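*Asks:* Each chain, letter by letter, is given below.
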Amino acid sequence: MPVYRAPLEDMRFVIHELLEMEKQRDLPQFEDMTPDLIDDVLNNAGKFCEEVLQPLNQSGDEEGCTFENGVVRTPRGFKEAYKAYCEAGWGGLAAPVPYGGSGLPILLTMAVNEMGQSANQAFAMYPGLTAAAYSALIFTGNDWMRETVLPKMVSGEWAGTMCLTEPGCGTDLRLMKTKAVEQSDGTYRMSGTKIFISGGDQDLTDNIIHMVIAKIPDENGQIHDDLSTVNFFMVPKFLVKEDGSMGARNGVATGGIEKKMGIKGSATCVLNFDDAIAYRLGPKPQPKKEGEKRSSSAGMSGMFGMMNAARLGVGIQGIAIGEVAYQNALAYTQERRVGHALTGPAEPDKPADLEIVHPDVRRMLLHCKSFVEGARAVALWTMLNMHVMRSNRPDAEAAGLMSDLLTPVIKAFFTDMGFEAANMAMQCYGGHGYIRDNGVEQFVRDGRINQTYEGANGVQAMDLVGRKLGRKGGVAPMALFNTINGWLTENEGDAKLQQFTKPVKRGLDTMQQATMRAPSIIYA
Amino acid sequence: MMGIVTVGWMWARMAKIAQAKLAAGEGNKVFFQNKLVCAQYWMERMIPECSMLFERIQAGSSALMAFQAAG
Numbered sequence: 001m002p003v004y005r006a007p008l009e010d011m012r013f014v015i016h017e018l019l020e021m022e023k024q025r026d027l028p029q030f031e032d033m034t035p036d037l038i039d040d041v042l043n044n045a046g047k048f049c050e051e052v053l054q055p056l057n058q059s060g061d062e063e064g065c066t067f068e069n070g071v072v073r074t075p076r077g078f079k080e081a082y083k084a085y086c087e088a089g090w091g092g093l094a095a096p097v098p099y100g101g102s103g104l105p106i107l108l109t110m111a112v113n114e115m116g117q118s119a120n121q122a123f124a125m126y127p128g129l130t131a132a133a134y135s136a137l138i139f140t141g142n143d144w145m146r147e148t149v150l151p152k153m154v155s156g157e158w159a160g161t162m163c164l165t166e167p168g169c170g171t172d173l174r175l176m177k178t179k180a181v182e183q184s185d186g187t188y189r190m191s192g193t194k195i196f197i198s199g200g201d202q203d204l205t206d207n208i209i210h211m212v213i214a215k216i217p218d219e220n221g222q223i224h225d226d227l228s229t230v231n232f233f234m235v236p237k238f239l240v241k242e243d244g245s246m247g248a249r250n251g252v253a254t255g256g257i258e259k260k261m262g263i264k265g266s267a268t269c270v271l272n273f274d275d276a277i278a279y280r281l282g283p284k285p286q287p288k289k290e291g292e293k294r295s296s297s298a299g300m301s302g303m304f305g306m307m308n309a310a311r312l313g314v315g316i317q318g319i320a321i322g323e324v325a326y327q328n329a330l331a332y333t334q335e336r337r338v339g340h341a342l343t344g345p346a347e348p349d350k351p352a353d354l355e356i357v358h359p360d361v362r363r364m365l366l367h368c369k370s371f372v373e374g375a376r377a378v379a380l381w382t383m384l385n386m387h388v389m390r391s392n393r394p395d396a397e398a399a400g401l402m403s404d405l406l407t408p409v410i411k412a413f414f415t416d417m418g419f420e421a422a423n424m425a426m427q428c429y430g431g432h433g434y435i436r437d438n439g440v441e442q443f444v445r446d447g448r449i450n451q452t453y454e455g456a457n458g459v460q461a462m463d464l465v466g467r468k469l470g471r472k473g474g475v476a477p478m479a480l481f482n483t484i485n486g487w488l489t490e491n492e493g494d495a496k497l498q499q500f501t502k503p504v505k506r507g508l509d510t511m512q513q514a515t516m517r518a519p520s521i522i523y524a
Numbered sequence: 525m526m527g528i529v530t531v532g533w534m535w536a537r538m539a540k541i542a543q544a545k546l547a548a549g550e551g552n553k554v555f556f557q558n559k560l561v562c563a564q565y566w567m568e569r570m571i572p573e574c575s576m577l578f579e580r581i582q583a584g585s586s587a588l589m590a591f592q593a594a595g
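Going down the list, the sequences are from chains B and E.
Going by my numbering, the first sequence opens with residue 1, and the numbers climb by one from there.
Going by my numbering, the second sequence opens with residue 525, and the numbers climb by one from there.
Hint data in this document are derived by calculation from the structure and do not stem from the laboratory.
Since we're looking at a predicted model, the values are computed, not measured.
Using N, Cα and C, we set each Cβ at its ideal position, and we do this for glycine too.
A couple of the hints might just be wrong.
A few chain B residues facing chain E, derived, Cβ under 7 Å [claimed, not checked]: (1) GLU157; (2) LEU366; (3) LYS369; (4) ALA377; (5) VAL409; (6) ILE484; (7) PRO503; (8) LEU508; (9) MET511.
Cβ-Cβ distance ranges computed for the label pairs, FRET-style [claimed, not checked]: (10) SER585(E) - LYS472(B): 23 to 31 Å; (11) ALA593(E) - HIS224(B): 48 to 56 Å; (12) ASP203(B) - ALA583(E): 31 to 39 Å; (13) ALA547(E) - HIS432(B): 49 to 57 Å; (14) ASP26(B) - ALA590(E): 49 to 57 Å; (15) GLN557(E) - ARG174(B): 52 to 60 Å; (16) MET589(E) - GLN513(B): 41 to 49 Å.
Here chain E stands alone, though its shape is the one from the complex:
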């Protein structure tokens, strides 16, 4: 989760730069457009994993520890 959020923050920062570059018409247009696409992908597809992971954390480890290797 910490990885997903930290990468997400970097995508937000990169998106900000990409928006500014595109608005100013500077640099490689496709490169910066793809930055926005990737940032959008991360927000829509990866950030939602945080709440899934949180639910999993809250469930605790009782199933893992109750498992008996023999039998």
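So here's chain B without its partners, still in its complex pose:
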């Protein structure tokens, strides 16, 4: 049976020692972040993930979700765990206090999120997507939505989804067919099909609030293969009455769920929108002027905000799957006996030494551990930057540039490495890793999706190289180079540290040369 212990000691080390939280108390949302409060949140979250979520990970994978008579059911135990999750208030950690949340900094909620993803990625996706949806609603919703819908999503009573992909388009949203037609009362009627919708339906919550992108037809009723008429909508499964209670069923039906490689406890749905009542979010789109070229509409901005948060969340999933896979490999290699150490038997009284004496096994374990802990430090430092960028500090602008720059890196590099770590952990089990009951092959299957969803990793690379490296004369990579270089210069006199600072300097120089050359090679 697989195990999971929340990596509390390492999280505390990163937050308190590396990021020096006590020196960050001037930042918005950090005033009350005492070391005791932070440790309490981490301890309680870790305990919940270990005791409630992790025990359902393997059974949820075996059982999967079911779809019968138009109804989706999650694996046994998910409903009770979800109720406990909501009652403990975990769903609303990041939400502002006025909406019933805890208003905790994203730095802390991402650490909590990592534990949930390690313990049970399929389960953690339901509240994870709800949080992404309510965050988007906070920024783009109207007052009535904030008053009636938001508190229910924050408490977890209702869930949320993100609906982007369609049968004919995933990455290339220009080709989208789903349309929303404006009605005389200002609402819209939406028709079309969305696929691969995580949590598109489930039996955990009474209502589901879908965040959907769709096209508004032009005056001739036509939609075009571009982004100019794409807008962002809220479409509830059950309509919401003025007092916030649930009304009639809306025109959203579940067409089916996908059979898939991993995250089997997460229902991946086909959603059919048939004249569904939809509410447009964000600023009202202005009619296109004669001769005006428009690549995307203002209505897309809300979706991009949601996508950016989701990309960071997926990067965290990469770390999370690496962590739990590593823990299990480490345990196994300290139990299993095979051969003798190359330098002679470590335990001559036993027929064989523990597997962990072997260099290649140690290489795999260290690869996982150095990735997980190093990546966690980068991820949480980036979350800190997302707070610094909203402050009055002199480095606010640089912090914003670096978090924007590193978002595709965190998504792509950490999910590639997370998958590799899961695969190596499985290798440490020998043939037993391939056997389902031992639980480690599930991490390989579950972690595989992280490289693909929220923008395939190749698309992240295009975002990095095509958009972010060259923008405004390369101001974003310059901010990162200057920050790392500044630290290296400060520490270059430390002789004991040179075995670390010199290689980083070497890597940094290579990266600087590469970023100067890369766009010119690619676009030559």
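Please arrange chain E on chain B, whose structure you already have, making use of the hints.
*Replies:* For chain E alone, kept in the frame of chain B given last:
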């Protein structure tokens, strides 16, 4: 490459803290010793990938684009 370098920088920062903690005899000794081991691993095993990746970037994409799907 940007990921390898940024993680590498974090390892250097964590190594600095670990060295100080060990010198002062504070905290969990094995935890901090392992921090130094991981930092060393990253410098020796992962940072060298930067020059490999740079060579690859410089090679450009002509092979990728010359490939013909039919035939």
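*Asks:* Does each hint fit the structure? Answer for all of them.
*Replies:* Verification of the supplied hints:
1. A cut of 7 Å between beta carbons decides the hint on GLU157(B): the least distance to chain E is about 39 Å, and the hint is violated.
2. Because the closest C-beta pair between LEU366(B) and chain E is about 5 Å apart, less than 7 Å, the hint holds.
3. Against a cut-off of 7 Å between C-beta atoms, the interface hint on LYS369(B) holds, since the closest Cβ of chain E lies about 6 Å away.
4. With 7 Å as the threshold, the beta carbon of ALA377(B) comes within range of chain E, its nearest partner Cβ sitting at about 4 Å, so the hint holds.
5. Here the hint on VAL409(B) is kept, as its CB sits about 5 Å from the closest CB of chain E, short of 7 Å.
6. With a cut of 7 Å, the hint placing ILE484(B) at the interface with chain E holds, because the nearest CB-to-CB distance is about 5 Å.
7. With a cut of 7 Å, the hint placing PRO503(B) at the interface with chain E holds, because the nearest CB-to-CB distance is about 4 Å.
8. Taken as an interface hint, LEU508(B) checks out: its beta carbon lies about 6 Å from the nearest beta carbon of chain E, inside 7 Å.
9. Here the hint on MET511(B) is kept, as its CB sits about 5 Å from the closest CB of chain E, short of 7 Å.
10. Remark: the range hint 23 to 31 Å for SER585(E) to LYS472(B) is upheld by a beta-carbon distance near 25 Å.
11. The hinted window of 48 to 56 Å between ALA593(E) and HIS224(B) is violated, with their beta carbons roughly 29 Å apart.
12. For ASP203(B) and ALA583(E), the hinted distance range of 31 to 39 Å is not satisfied, since their beta carbons lie about 53 Å from each other.
13. Taking the beta carbon of each, ALA547(E) and HIS432(B) are about 42 Å apart, not inside 49 to 57 Å as hinted.
14. Separation of ASP26(B) from ALA590(E) is about 56 Å and conforms to the stated range, judged on CB atoms against 49 to 57 Å.
15. Range check, GLN557(E) to ARG174(B): about 54 Å between beta-carbon atoms, so the 52 to 60 Å window is met.
16. Distance hint check for MET589(E) and GLN513(B): the Cβ-Cβ separation is about 23 Å, which falls outside the suggested range of 41 to 49 Å.
The structure shown violates the earlier hints numbered 1, 11, 12, 13 and 16.
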